[in-house]
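Each chain, letter by letter, is given below.
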Amino acid sequence: MLKNISPILFLLFLCTNFYSQNINFSSLLIPKELKENANAVVRNNQTIIDVLDKDDMIITVDRTVTILNKIGDRNVDAAVGYDDNSDIKKLEAIIYDAFGNEIKKIKKNDFVDVSAVDGATLYSDSRVKYLDYTPISYPYTVHFYFEKKTSSTGFLPNWNPIEGYFVSVENNSYQVNLLKGEARIKEKHFDGYEIKKSIDETKISYAIKNVKSIEYENLSPSLNQLSPIALVALNYFKTDGVNGQYKDWKEFGYWMSNSLLKGRNIIDQATKDKVLALVSGIEDPIEKAKIVYQFMQNKTRYISVQVGIGGIQPIAANEVDRLGYGDCKGLTNYTKSLLDIVGVTSYYSHIEADRYEKVSFEKDFASLEQGNHVILNIPNNGNDIWLECTSQTAPFGFLGDFTDDRDALVMTSEGGVLKHTTSYKNEQNSQNIAANIILDENGDVNAVLKTVSKGLQYDDKYTLENYNEEELASYYKSKIWSYNNNLEISTISLNNNKEEVVFTEDLEVTIKNYATISENEYLFRVNVFNTESFIPKRYRTRVSPLKISRGYNDVDENIITIPATYQFTLLPENKELTTKFGTYTISFQKVNETQFKYIKSIAINEGVYTKEDYDDYRRFRRSIVKLENTRIAITKK
Amino acid sequence: MKKLILVAFLLLQISVNAQDYKFSKVSKEELNEQFYPLDSSASAAYLYKYRRSYFDYVQNEGFWLVTEVHERIKIYNKEGFEYATRLVNIYTPDRGDRESVANIKAYTYYLENKKVEKEKLEDEGIFKEQLDDNYTQVKITMPKIKEGCVLEIRYKIYSPYAEYIGDVNFQAGIPIKKYQTQIEVPEYYVYKKISKGYFNIKMETDSKSAAIGSLRFSTDVFKFEGDNIPPLKNNEPFVSNADNYRGGVKFELAETDFTSIGGDFKRFSSSWESVSDKIYKSSNFGGELDKTSYFKKDVTALLVDAKSEKEKLSLIFQFVKTKVKWNGNYGKYASKGVKDAYEENVGNAADINLMLTAMLRFAGLKADPVLVSSRGNGVPITPTLNGFNYVISIVNFADNTYALLDATEPYSLPNVLPVRALNWNGRIVKEDGSSSWIKLDTDKQASVENIIMFKFTDDFVGEGMIRTKFENLSALDFRSNYGHIKEEDLRAKYEEANGIEIDEFKLSNTLELAKPVLRMVKFMSEDLVEEISGKLYIEPLIFLTQHQNPFKLEERKYPVDFDSPWKNTNRVSFHIPKGYKVESLPETLAIGLPNNIGVFKYQVRQVGNQIKAVSILEFNSSLISAQDYPYLKDFYGKLVDKQSEKIVLIKE
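Note that the protein sequences, when read in sequence, are chains C and W.
At position 535 of the first sequence (counting the first as 1) the number is 525 in this note's numbering, and the numbers step up by one without a gap.
Position in the second sequence counted from 1, then plus 791, gives you this note's numbering.
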């Protein structure tokens, strides 16, 4: 039989095979526009998800990426996660040089195998195998392949073809093969991209080609707010041995309540009695909740242990009660269980916690994949209260920037409902300084000041309470007032008013040689304690919109006393800058011959502005910085 | 009589207050304690920290090392909760004998209604996690933690690697009230005990008799006992690795002597000669130096036109740097072997620098390997095998000069080593196995020189040029930090850092390693001058002015480590704007630190219609002791004050 194959045909086969390899893996043939501004080029990333049954799924990824420089090393991304419910069947990587010649082959056992969670998690069975390769020269190409079998079908990988800044994509495709059309899909930000898609009863597929790299710019919305993404979830699934089904958030909530949360709220009689005793005689449900929250904060600590049920089922309330620790799920469920005892309604809620980006749950698409954190909701006649149960110190009902101002999924008795969390906007995030500043003839400053912080500025500060003297001194000297040399702190008194959520700092401060003194004059900067120095980076051509993530409002009232032997002839002009990004004012007011008032106020408004606005914002900030450095000269009488 | 009663009373007090450190004897006083008496800021403290390590004979296997640990930890506040999780790392290679943790017993004690209650640690609080192919982490997390509770933890580590006792560490991140460690070693083993760090406990020695069946022998007992040990903290700038300053004792096996029972005598390390010799004789070190066949052809071709020694050296050095990449691992022994490293183009420090040495020798140069203790490994004070963990190479020339080489760092030069290798002295090992010291710390100053020339436009916008020259370690740092970053991004960074706008930005010699890195920048800035009541105020060094003293803390425990001696020179000149004249200039200043460690010179002059400013700051030593810290702080304070003084111009 073999004899009959013509030698030419054989040669042809050999050629195409040989040729295709070289075309695939050589870096030289990457289109020029994909290399521009890129640290890496994803040559081809093919994800295939075969759903064979409710509890049987195979995921294969075939990925080829060319790394153009050292910064691009992080985009190799040859890693695969696994846990007790999954099994890596095949895993391999081959490295090619710029010409497409194979230089190294890495087998499954040569991948580095580590725990997939950070230090905050005490134990988790999720692990990751990754390729640890020292590049010899650039560019180089990594071809990576894995095949993973898993019995959990609750979480399907998303299609997220734009991997990051400075990475371009030559080809990325994604395909889910289904038993029957029992999946839901949500597509986002597809506009402006040429995406090939095909969806039928048994197959969902997407593909994209030749997407140029995106440059990172400061103060811009995050990439996943702009780049295309497709979410897929199965209506019927199994996760860690538990069957599940939902089509929307309402059903999702029912499923959670009736399976994963059911029977988790049992608490021992001794603790029940204790909690009931604590609230005896109190009627107001909110007052009761405050006492219970305080009880929980004193009793527990946050430790993450993630085993079983894909990390979504809380450990039972009586376990938390006995051990005194738990993760966000366990502590939230425990708090809810305690509130149940005292007759206060509360709901277990999923949320996406992110300090830098407020991410809401998709209104029209329910999936397990959304959310990374659990908090507690207390319905309060439309004025909902939210509790962060992993903190031993947070005030009752205070969320901070970790979970504020976004839609969370609340598991009510009527199923899942999306509700918006408390927000902290602009003037709510305030800091007021009242300072009495006395300058002496040597140019030294003696000052007494009171700083009152609220909202997210409270959030930034309330942990100061736990600092010791040494740490506080270093905080003020090296961080807050690092621009004041020779600053010493004589007294510190801090007050954390958790009831009102107000943090107050009372300080007495000296600064030696603050003023510059010469024969003729005495010069000093009027802004001693709250100098803004932020100027946005200059972009010759700005591409992305301007995003100001958080607004705030600072008002400083300074009374400045100059030495009696000096006089001020002219106080600087009052100034007011008003823009759509906020306002800035400074004003000077003579009190008497040796005293004047310097009042400064800055208010910044959060929001997304156009890219054209960026330069205006930069100018605004530049002017502020200049005015913040205003100095005055006083002369001898 | 009165006195006597008082004494008796005092004695009574003492005996009442004397703590019972037996397991489970946690007292009410300990639970009631609100803060650590000697340091109220401590969030937790070891009330008791006990370790006992001893050799245990296992039939058919030989000696095992058993380490008993008993710790009693007081948690004062929530910050201290992290100490309620105990992490123990053990060596568990895929192939070979494994260590294990056993007999874990622990309780949390707390007060409930003024009564002492306790909660037992159950198995569910113990987690084992495989960290990598070689290590497993055992995590013990305590139940029922609350402010004020006391934890008591006891466990044993069984190690088949009896000879490896490891470090006895006196200090922890929190204070220790009572410290006891006891190391028991059979007479057949002799250890070198090397003290380390900035806190010391005197060692007491004792001995006792022991037996295995009918064999009787004596055991040496080394005891360390201390009270109220301060914590090790690292909150100071310019500290390379605070762990280097942790007080303790290293136990390093020096010899084993089984001759009395018919076995062998072996010496491990007693002098730097024998340490060096032992390393040299290892097949992963000396053996690798002898191999030449794998590179013979390539190197012969490489050197075909090379004539002088220096030329050969530079060709080979460059060849190794480009051919074999460093995988980030240290090591005094080759890990892959030079041949594989050469073929796979990747290796650890020993693979690379042993290969380099072999090639240099092949080319006829007098090259030898140099054993180094890297910065993270501490200073090599007493001879131990673990004292070295890195290798570089040296070439001696006929004119008595030499070149130290490290090919792991692509931007290094002869005698300009990367910071990791700049640690005191290294040990040259010659072909005949003899060895000697060589100073690694460099005398060459890491130097940055700026020259600025600018003028003011009519509306006081400054326009001009700044030329910067980086030399020695500064050039190496510049190249390795920025070598892979696009010029456009560097330009943007420079604009941001200095608050200027840049019209032209040019780097030269970034790849010509032998030459200094040069940066030429054409800039524009509106912020160089300040107008107050008709007068102009200008900082002489404009945007190069140092406004902040980096040393703000009152005290310093550890030396200030600058990595290398260094020098920073700034020269600025500009034309006085038309219609203005000088009212005052900052006065000249020249100050120094004791023993000529550092100098600052500063001068601002008017020359015709120009102002010329010069500022020179130099340090002749890379290390400044904690004793000299107050001088350094004051020195920098004066520098900052001086540089902040303004030139004052008035209308003519």
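Some hints here could point you the wrong way.
Below, computed lysine to any residue pairings styled on SDA-like, alpha-carbon distance capped at 20 angstroms [as the list claims (entries may be wrong)]: (1) C:K252 with C:K264; (2) W:K1088 with W:D1018; (3) W:K919 with W:G964; (4) W:K1429 with C:L513; (5) W:K1313 with C:T521; (6) C:K580 with W:I1323; (7) C:K440 with C:K565; (8) W:K1429 with C:F514; (9) C:K616 with W:S1324; (10) W:K1127 with C:T124; (11) C:K565 with W:I1323; (12) C:K94 with W:K1114.
Hints are computed from structural coordinates only; laboratory data are not their basis.
Against the structure, the hints:
At roughly 24 angstroms between alpha-carbon atoms, C:K252 and C:K264 are farther apart than 20 angstroms, so this suggested pair is violated. Note on W:K1088 and W:D1018: the hinted pairing is violated, with a Cα-Cα distance of about 65 angstroms set against a maximum of 20 angstroms. Among the hinted pairs, W:K919 with W:G964 is inconsistent with the structure: their alpha-carbon atoms are about 24 angstroms apart, more than 20 angstroms. Pair hint W:K1429 plus C:L513 holds up; C-alpha atoms about 18 angstroms apart against a cutoff of 20 angstroms.
This hinted pair does not check out: W:K1313 and C:T521 have alpha carbons roughly 29 angstroms apart, beyond 20 angstroms. This hinted pair checks out: C:K580 and W:I1323 have alpha carbons roughly 18 angstroms apart, not beyond 20 angstroms. For the hint pairing C:K440 with C:K565, the CA-to-CA distance comes to about 25 angstroms; that exceeds 20 angstroms, so the pair is violated. Between the alpha carbons of W:K1429 and C:F514 the distance comes to roughly 18 angstroms, so the proposed pair stays at or under 20 angstroms and holds.
At roughly 16 angstroms between alpha-carbon atoms, C:K616 and W:S1324 fall within 20 angstroms of each other, so this suggested pair holds. This hinted pair checks out: W:K1127 and C:T124 have alpha carbons roughly 14 angstroms apart, not beyond 20 angstroms. About 16 angstroms separates the Cα atoms of C:K565 and W:I1323, which keeps this hinted pair within 20 angstroms; it holds. Under the criterion of a C-alpha separation no larger than 20 angstroms, the hint pairing C:K94 with W:K1114 is consistent with the structure, at around 15 angstroms.
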